[in-house]
Amino acid sequence: MSDLIHASAVELAAQIANKTVSAIEVTQAHLDRIAEVDGRVNAFLHVDADGALEQARAVDHAVASGQALSPLAGVPLALKDVLTQTGVPTTAGSKILEGWRPPYDATVVERLRDAGVVILGKTNMDEFAMGSSTENSAYGPTHNPWDLERIPGGSSGGSAAAVSAYEAPLAIGTDTGGSIRQPAAVTGIVGAKPTYGAVSRYGLVAFSSSLDQAGPFARTVVDTALLHSVIAGHDPRDSTSIKEPVPDVVGAAKSADVSNMRIGVVRELSGEGYQPGVQARFDEAVELLRAQGAEIVEISCPSFTYALGAYYLIAPSECSSNLARFDAMRFGLRTDDNGELSAEDVMRHTRAAGFGPEVKRRIILGTYALSSGYYDAYYGQAQKVRTLITRDFEAAWASVDVLISPTTPTEPFRIGERVNDPVAMYKADLCTLPSSLYGGPAISVPIGLGDENLPVGLQVMAPVMADDQVYRVAGAVEKALAQQWGGLLLDQAVAL
Amino acid sequence: MSAPLIDFDEVIANFDPVLGLEVHVELGTASKMFCGCATEFGAEPNTQVCPTCLGLPGSLPVVNGTAVESAIRIGLALNCSIASWCRFARKNYFYPDMPKNFQTSQYDEPICFEGYLDVDVETDEGTRTFRVEIERAHMEEDTGKSLHVGGSTGRIHGADFSLVDYNRAGIPLIEIVTKPLEGAGKYAPEVAKAYVGALRDLLRGLGVSDVKMEQGSLRCDVNLSLRTSPDAPLGTRTETKNVNSLRSVERAIRYEMQRQAALLTDGTAIIQETRHWHEDTGVTTSGRVKSDAEDYRYFPEPDLVPVAPSAEWIEQLRSQLPEPPAERSKRLREEWGISEKEMQSVINAGALDLVLATIAEGADPAASRKWWLGELARRANDEGVELESLAITAKQVADLEGLVQSGRLNDKLARQVIDGVLAGEGEPAAVADSRGLQIVSDDSALLEAITAAIEADPDAAQKIRDGKVAATGALVGSVMKATKGQADAARVRELVLQELGQ
Numbered sequence: 001m002s003d004l005i006h007a008s009a010v011e012l013a014a015q016i017a018n019k020t021v022s023a024i025e026v027t028q029a030h031l032d033r034i035a036e037v038d039g040r041v042n043a044f045l046h047v048d049a050d051g052a053l054e055q056a057r058a059v060d061h062a063v064a065s066g067q068a069l070s071p072l073a074g075v076p077l078a079l080k081d082v083l084t085q086t087g088v089p090t091t092a093g094s095k096i097l098e099g100w101r102p103p104y105d106a107t108v109v110e111r112l113r114d115a116g117v118v119i120l121g122k123t124n125m126d127e128f129a130m131g132s133s134t135e136n137s138a139y140g141p142t143h144n145p146w147d148l149e150r151i152p153g154g155s156s157g158g159s160a161a162a163v164s165a166y167e168a169p170l171a172i173g174t175d176t177g178g179s180i181r182q183p184a185a186v187t188g189i190v191g192a193k194p195t196y197g198a199v200s201r202y203g204l205v206a207f208s209s210s211l212d213q214a215g216p217f218a219r220t221v222v223d224t225a226l227l228h229s230v231i232a233g234h235d236p237r238d239s240t241s242i243k244e245p246v247p248d249v250v251g252a253a254k255s256a257d258v259s260n261m262r263i264g265v266v267r268e269l270s271g272e273g274y275q276p277g278v279q280a281r282f283d284e285a286v287e288l289l290r291a292q293g294a295e296i297v298e299i300s301c302p303s304f305t306y307a308l309g310a311y312y313l314i315a316p317s318e319c320s321s322n323l324a325r326f327d328a329m330r331f332g333l334r335t336d337d338n339g340e341l342s343a344e345d346v347m348r349h350t351r352a353a354g355f356g357p358e359v360k361r362r363i364i365l366g367t368y369a370l371s372s373g374y375y376d377a378y379y380g381q382a383q384k385v386r387t388l389i390t391r392d393f394e395a396a397w398a399s400v401d402v403l404i405s406p407t408t409p410t411e412p413f414r415i416g417e418r419v420n421d422p423v424a425m426y427k428a429d430l431c432t433l434p435s436s437l438y439g440g441p442a443i444s445v446p447i448g449l450g451d452e453n454l455p456v457g458l459q460v461m462a463p464v465m466a467d468d469q470v471y472r473v474a475g476a477v478e479k480a481l482a483q484q485w486g487g488l489l490l491d492q493a494v495a496l
Numbered sequence: 497m498s499a500p501l502i503d504f505d506e507v508i509a510n511f512d513p514v515l516g517l518e519v520h521v522e523l524g525t526a527s528k529m530f531c532g533c534a535t536e537f538g539a540e541p542n543t544q545v546c547p548t549c550l551g552l553p554g555s556l557p558v559v560n561g562t563a564v565e566s567a568i569r570i571g572l573a574l575n576c577s578i579a580s581w582c583r584f585a586r587k588n589y590f591y592p593d594m595p596k597n598f599q600t601s602q603y604d605e606p607i608c609f610e611g612y613l614d615v616d617v618e619t620d621e622g623t624r625t626f627r628v629e630i631e632r633a634h635m636e637e638d639t640g641k642s643l644h645v646g647g648s649t650g651r652i653h654g655a656d657f658s659l660v661d662y663n664r665a666g667i668p669l670i671e672i673v674t675k676p677l678e679g680a681g682k683y684a685p686e687v688a689k690a691y692v693g694a695l696r697d698l699l700r701g702l703g704v705s706d707v708k709m710e711q712g713s714l715r716c717d718v719n720l721s722l723r724t725s726p727d728a729p730l731g732t733r734t735e736t737k738n739v740n741s742l743r744s745v746e747r748a749i750r751y752e753m754q755r756q757a758a759l760l761t762d763g764t765a766i767i768q769e770t771r772h773w774h775e776d777t778g779v780t781t782s783g784r785v786k787s788d789a790e791d792y793r794y795f796p797e798p799d800l801v802p803v804a805p806s807a808e809w810i811e812q813l814r815s816q817l818p819e820p821p822a823e824r825s826k827r828l829r830e831e832w833g834i835s836e837k838e839m840q841s842v843i844n845a846g847a848l849d850l851v852l853a854t855i856a857e858g859a860d861p862a863a864s865r866k867w868w869l870g871e872l873a874r875r876a877n878d879e880g881v882e883l884e885s886l887a888i889t890a891k892q893v894a895d896l897e898g899l900v901q902s903g904r905l906n907d908k909l910a911r912q913v914i915d916g917v918l919a920g921e922g923e924p925a926a927v928a929d930s931r932g933l934q935i936v937s938d939d940s941a942l943l944e945a946i947t948a949a950i951e952a953d954p955d956a957a958q959k960i961r962d963g964k965v966a967a968t969g970a971l972v973g974s975v976m977k978a979t980k981g982q983a984d985a986a987r988v989r990e991l992v993l994q995e996l997g998q
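Keeping their order, the protein sequence lines are chains A and B. Be aware that the first sequence starts at 1, since it is given in the numbering used here, and climbs by one per residue. Be aware that the second sequence starts at 497, since it is given in the numbering used here, and climbs by one per residue.
All clues stand as given, with none of them false.
What follows is a list of derived Cβ distance ranges for each label pair:
id, chain 1, residue 1, chain 2, residue 2, range
1, B, Ala887, A, Tyr368, 52 to 58 Å
2, A, Glu452, B, Glu790, 49 to 55 Å
3, B, Ala822, A, Asp114, 54 to 60 Å
4, A, Gly293, B, Cys546, 49 to 55 Å
5, A, Gly273, B, Ala765, 54 to 60 Å
6, B, Thr764, A, Thr387, 50 to 56 Å
7, A, Ser371, B, Gly783, 22 to 28 Å
It is worth saying that the hints were derived from the structure and are not from the lab. Note that the structure is predicted; figures quoted are calculated from it, not measured. No residue lacks a Cβ here, since even glycine has one placed at the ideal position from N, Cα and C.
Please put together the full structure from these sequences, using the hints given.
Below, the structure written as structure tokens:
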């Protein structure tokens with residue numbers, strides 16, 4: 001059975017399709033693994049064993065009746081608890097949504113179902129995706145499977161930990177400022193943020209509408225690309241959804257060919273604040289790509305320095321409005337509705353009791369930034385910076401195909417280490433924020449262990465709708481390192 | 497409790513009113529502004545809802561293209577410029593009947609801007625045209641509807657509990673905002689009424705809304721301030737809501753002018769606030785205090801993409817607009833051969849479309865105007881409703897007129913038929929049948945009644961024989977009474993005179 005949990009999605013799908021193993025067996029093996037380790041990892045907020053087995057049974061029927069199968073049919077997946085799934089609790093990591101069972105499926109969930117992907121359950125996250133460590137969950141932190149004392153990154157820490165702890169071969173996360181790439185990096189797996197608009201946001205509980213994007217996690221680049229191709233594509237229910245066809249990310253991941261590619265190293269994403277081990281692994285990865293025939297160019301993107309400031313105005317501004325709907329009126333928590341308090345007071349009490357401190361901090365920040373008299377100085381100015389960052393990217397595309405940087409400045413820190421220092425926490429996303437503000441695709445792929453023997457990731461960023469390019473580079477890095485290591489980085493983790 | 501008022505003439509002698517009108521129009525699209533839910537009026541509460549219009553977590557809006565088209569057509573009909581690129585914005589404030597606690601609206605980039613509507617008002621010096629300048633017309637979504645149960649006021653404060661119907665949440669609205677309307681003086685109430693009436697006719701002509709004020713598909717908020725003279729700076733304004741009929745527009749403005757003038761005369765400052773108009777008592781009462789500092793934290797709606805109508809599309813819509821109301825009114829005036837003043841009374845009564853519909857059903861223009869402006873206007877006034885809300889259709893009025901023309905009914909009987917139609921007794925002919933209403937045209941039946949009348953009043957009969965024809969009235973009257981009004985009075989008179997040798 002343990003073979004099943006260590007297998008890749010590609011291998012599992014093949015074995016299910018040729019009836020070597022049933023989807024039910026694969027699902028049960030993962031449910032067993034969750035039962036075995038999740039008490040220590042806390043990756044899942046809700047395990048939907050019955051629903052998962054039912055989906056697996058349907059795949060087995062399809063196999064038995066000789067129906068054509070999607071490339072991921074029967075493969076289990078962990079779903080970040082920020083996407084709605086009909087009848088399954090969806091909390092977004094918040095007390096304010098405790099007990100809410102959505103009456104509708106997110107488009108991502110619909111696509112997963114259509115592809116026969118088996119959804120095991122919902123994963124832990126920073127409340128409303130606000131955080132970089134999953135410590136902001138109202139349901140306790142998730143632990144990094146590499147070192148249970150460490151954070152698994154965030155906000156999609158539950159999804160990343162589930163994949164790196166072999167509780168699921170695939171997971172869905174969402175990325176607003178780095179919430180897929182940073183957890184992928186610090187748990188030693190692959191995670192991609194597709195081009196903004198490539199994956200429908202319908203059913204994604206909004207944090208920052210102009211930045212939020214769902215994306216795939218897996219242990220290999222090809223698995224990640226396969227999941228990407230399942231969830232991406234135009235959706236008329238999301239006005240910001242892109243109509244153009246999804247690039248061939250699977251083909252690019254498989255080709256892993258970087259010869260004749262021009263790769264830009266971002267000068268501003270290195271130096272002070274970057275852990276030596278992180279910098280060393282990054283430099284080695286650059287040489288690896290050069291050795292495979294890529295042309296390496298140093299690129300300056302001066303506006304990237306202002307990404308953190310711009311992000312922490314734009315995202316909180318949008319969140320202050322997006323989170324206004326949590327008012328105890330129609331769903332979720334309702335506090336102190338004792339017949340004495342007015343509707344307004346019940347709203348106030350519920351919001352005070354239901355939101356955690358980081359969410360409140362950002363609502364207050366955003367409310368302030370949008371206030372009349374401050375709008376131009378804060379929100380307006382941040383939008384200008386966003387434009388400048390986009391121009392930096394566009395200028396870079398004149399001379400290179402992709403940009404690369406470390407995914408995070410440091411290895412994963414200890415749980416509790418930064419909880420009282422929000423700005424230190426925010427800096428975990430220093431490298432991932434620029435492409436979020438720009439809207440282009442980016443991926444994180446493991447490139448080794450740092451000073452503390454913990455995972456380090458390489459970030460690859462590409463032009464809008466050139467998602468295939470990030471998979472091409474990540475595939476090349478993975479292939480070269482697999483030869484050095486004789487397998488995946490994750491194989492070097494101490495077994496749970 | 498009503499506030500102290502001063503006489504309207506005294507208001508005008510001492511103050512100059514400045515008006516601003518905000519009209520919200522519910523578009524008659526089949527689906528809502530940002531989702532596919534139905535928009536039917538009067539459905540069971542909370543049956544026309546979905547994740548998007550309930551504001552459920554994860555839901556997203558998609559713009560209704562027909563609503564955008566209607567907005568552009570309204571803008572063109574109001575002589576507005578149409579934005580080649582504009583965005584929606586979020587207007588953030590908390591209210592229980594607003595699902596997302598922000599309203600998706602437009603802020604500094606309205607789809608239509610800088611237009612006007614000319615309206616004619618009867619003044620002491622004859623008909624005068626006032627140009628009402630339009631600042632903007634923008635798209636937004638309606639809120640849900642709260643019902644506050646218990647308490648005395650029907651308002652949220654003091655209620656035992658409240659119910660919310662989200663069927664209305666997300667219905668497409670166009671908000672049409674005028675520039676400050678100055679210089680109307682004592683005609684300000686009439687100009688406002690004429691504007692809302694003209695706007696209503698224009699919207700109905702465009703077919704974009706059913707514009708029923710009492711159902712809330714056209715709602716009017718009135719901003720009003722007074723200043724001591726046209727050169728003085730603007731005074732503090734109040735915003736009066738719930739002004740839901742043409743009559744109320746005029747009355748509410750008149751009242752608010754008198755109320756504000758009384759306060760100002762007394763040296764009391766006007767409070768900038770929202771006030772509610774009460775149609776039944778004819779007063780406005782204080783609502784929430786509104787300050788300029790109220791901060792809606794508008795920002796561009798990130799869940800929607802900009803609206804960018806092409807110049808070709810705009811021109812195509814412009815070329816398909818119906819005849820402008822002013823031109824139509826001029827044409828009809830000539831066709832019907834009536835004066836400007838007569839035409840104005842048709843328009844101001846809100847009867848133009850009804851009259852036209854009645855003509856279309858076969859009645860002649862004069863008769864159509866007579867019924868709608870006479871008897872039916874009286875009924876509407878008695879019931880305190882708009883003419884169009886009376887339970888009688890243009891076709892029924894035309895049929896009624898047909899019965900008069902054919903000699904079956906006289907005007908008196910026709911009025912009884914109207915009673916029956918309004919009471920829901922059926923079509924005019926059926927009402928006449930079931931009520932037994934029919935002019936008695938059989939001379940022998942009339943002669944019988946005349947003989948009886950002569951016997952009953954020999955004095956009168958003698959006077960007529962003696963040549964005092966004026967005495968005929970008494971005998972005709974008693975014959976009409978005896979025949980329950982169903983005789984043709986002219987024929988009765990002829991026969992009476994004939995019988996008495998005159």
